[in-house]
Amino acid sequence: MLFFRSEEMVMAWCRARGVTPRPIVSIPQLWGLATQWYSTRLEPNARRPGPAEMREIFARLGLTGSFWDPQADAFGA
Amino acid sequence: MEQPALDFDTRVKLAIYRYFAQTGQRPSSAEIAEHVGAKADEVREAFGRLRANRVLFLEPDGETIRMAPPFSGVPTQHRVLVDDREYVANCAWDALGIIAALHEPGTVISTCAQSGERLELQVGANGPALSDWVFHCLVPASRWWTDLVFT
Numbered sequence: 001m002l003f004f005r006s007e008e009m010v011m012a013w014c015r016a017r018g019v020t021p022r023p024i025v026s027i028p029q030l031w032g033l034a035t036q037w038y039s040t041r042l043e044p045n046a047r048r049p050g051p052a053e054m055r056e057i058f059a060r061l062g063l064t065g066s067f068w069d070p071q072a073d074a075f076g077a
Numbered sequence: 001m002e003q004p005a006l007d008f009d010t011r012v013k014l015a016i017y018r019y020f021a022q023t024g025q026r027p028s029s030a031e032i033a034e035h036v037g038a039k040a041d042e043v044r045e046a047f048g049r050l051r052a053n054r055v056l057f058l059e060p061d062g063e064t065i066r067m068a069p070p071f072s073g074v075p076t077q078h079r080v081l082v083d084d085r086e087y088v089a090n091c092a093w094d095a096l097g098i099i100a101a102l103h104e105p106g107t108v109i110s111t112c113a114q115s116g117e118r119l120e121l122q123v124g125a126n127g128p129a130l131s132d133w134v135f136h137c138l139v140p141a142s143r144w145w146t147d148l149v150f151t
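Just so you know, the protein sequences line up as chains A and B, in that order.
The opening residue of the first sequence carries number 1 in my numbering; numbering runs sequentially from there.
The opening residue of the second sequence carries number 1 in my numbering; numbering runs sequentially from there.
Any given hint could be a false lead.
[Claimed, not checked] Covered by chain A, according to a simulated footprint, are these stretches of chain B (three or more residues, beta-carbon under 8 Å):
id, region
1, 15–28
2, 98–110
3, 114–124
4, 127–133
These are computed hints drawn from the structure, not numbers from a lab.
We put the beta carbon where it would ideally sit given N, CA and C, even for glycine.
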């Protein structure tokens, strides 16, 4: 889970390693993930989102498809 | 209204997270034992249960904290500055996660994984400053915990 200067840098990084590029996430989307996952982390009732909640969070942020499915049996590259 | 007493594992978890938040460093099991007023063995057992519940990720010795997401117990390329405190994040997501968890403005310092260009991202109460940097994760969500260090 890495930062890149641009989508072109992601493609170059993947080419250099012979791996398939995955979905690109913008900084505002990443902030949405960060707040959904961690904004209550220092509180007694903090908990990790379950699979259904994860899907809802991803969908709200526009992150859809099998890559973002926490229970996908097989991920189609 | 009086709050119900917290169970032991929750007290241990909160002590770990508050230690990270206050110091930026990982606590030892002995430090947590002192904080919660328990024996070190009891705390080590709680660490194991928290690992099983995916709250912590431990080093092979079974008691040294490698990750208490979003905090990292070891150096990485992702750092976060908040006031005069410095934190280490496990990944790009967790770098923003530290600021979200602390509810304080801060600065994420990292690099482009391809070019090495430095990222210095200001994050305020309403989120990050406008940025055209991007985030990329190679591992699909269903496999994030298969190899958490790689992820």
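Here is what the structure says about each hint:
| no. | hint | result |
| --- | --- | --- |
| 1 | 15–28 | holds (count 3) |
| 2 | 98–110 | holds (count 7) |
| 3 | 114–124 | holds (count 6) |
| 4 | 127–133 | holds (count 5) |
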